[in-house]
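Participant: Sequence:
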Amino acid sequence: MATGDFNQDGIADIVKAVSPDGEDSGQYFLTVQLGQADGTFRNVPSRHPIGKDPRALVVGDFNGDGKLDVIVGDGSGVLVEFRGDGRGNMIGAGTIATLGSVASIAVGDFNHDGKLDLVVSDFRANSAVIFLGAGAGSFRFAWSFELPRRGTEFRIATADFNGDGTADLVITSEEDNNFEVMIGNGNGTFTHAPELSHLKDPYSYCPS
1 MATGDFNQDG IADIVKAVSP DGEDSGQYFL TVQLGQADGT FRNVPSRHPI GKDPRALVVG
61 DFNGDGKLDV IVGDGSGVLV EFRGDGRGNM IGAGTIATLG SVASIAVGDF NHDGKLDLVV
121 SDFRANSAVI FLGAGAGSFR FAWSFELPRR GTEFRIATAD FNGDGTADLV ITSEEDNNFE
181 VMIGNGNGTF THAPELSHLK DPYSYCPS
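Final position of the sequence shown in the working numbering is 208; the numbers increase by one with none missing.
Treat the hints with care, since some could be wrong.
[Said to hold, decoys possible] Label pairs and their computed distance ranges (CB to CB):
id, residue 1, residue 2, range
1, 185, 134, 13 to 23 Å
2, 193, 126, 12 to 22 Å
3, 47, 195, 46 to 56 Å
[As the list claims (entries may be wrong)] Each computed DSBU-like pair below joins lysine-lysine, with the alpha-carbon atoms no more than 30 Å apart:
id, residue 1, residue 2
4, 52, 16
5, 52, 67
6, 16, 67
Source of the hints: derived by calculation from the structure; they are not laboratory data.
Where a beta carbon is used, it is the ideal one built from N, C-alpha and C, also for glycine.
Build out the structure end to end from the sequences listed, making use of the hints.
Facilitator: Given below as structure tokens:
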């Protein structure tokens with residue numbers, strides 16, 4: 001689930017993955033719920049298939065037309081883009097890329113070109129993959145780096161942690177209190193920042 005103003009009326013809306021039968025198996029679909037002035041939401045009729053295991057969903061103006069778009073990542077590794085028409089409708093724009101899996105997606109402008117970029121956590125490959133926005137809603141592979149520990153599903157978020165005006169990354173998991181900060185270099189690559197990170201050996205408690 002994510003939020004955004006998809007019909008440009010100044011009221012927050014919701015976009016989410018739903019299963020028509022209410023089960024966790026079978027085909028999921030992308031659904032937009034438009035916010036109303038009284039705090040309720042109205043469903044926009046749609047049948048956009050997004051796979052059988054949607055794991056991450058992000059919102060942004062990926063093609064630069066001033067209207068919010070959506071990218072969904074499935075556990076199978078497929079990244080699918082939907083472009084908003086400014087009235088709350090989503091139009092399928094096809095597959096951006098296919099990885100080993102998708103556990104998390106975060107959005108930011110990593111190379112200061114005014115286009116939104118993506119970082120995707122790939123559990124099966126134990127890597128984070130950077131896709132730079134190439135204009136018109138398209139993306140190109142730029143770089144990847146290894147995640148802290150194989151066999152763990154990591155989440156990634158973006159923010160400017162060192163105040164230099166460049167988006168950085170923080171990598172976390174639900175298994176422990178560790179987190180790793182990667183400082184953005186301004187060109188789509190990132191450098192590990194141990195002074196801002198908290199990484200403890202998960203086996204440090206074991207007797208020798």
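Participant: Does the Cβ distance between residue 47 and residue 195 fall inside 46 to 56 Å?
Facilitator: 49 Å, holds
Participant: Tell me if the straight-line CA distance from residue 52 to residue 67 falls inside 30 Å.
Facilitator: It holds: about 27 Å lies between the C-alpha atoms, which stays within 30 Å.
Participant: Holds or violated: residue 16 and residue 67, Cα atoms, limit 30 Å.
Facilitator: With a Cα-Cα distance of about 17 Å, the restraint between residue 16 and residue 67 holds, given a limit of 30 Å.
Participant: Look at the Cβ atoms of residue 193 and residue 126 and judge whether their distance stays inside 12 to 22 Å.
Facilitator: 20 Å, holds
Participant: Quick one, are residue 52 and residue 16 close enough, alpha carbons at most 30 Å?
Facilitator: 14 Å, holds
Participant: Take a look at whether the Cβ-Cβ distance between residue 185 and residue 134 falls inside 13 to 23 Å.
Facilitator: Holds: the Cβ-Cβ distance is about 19 Å, inside 13 to 23 Å.
When held up to the earlier numbered hints, the structure conflicts with none and fits them all.
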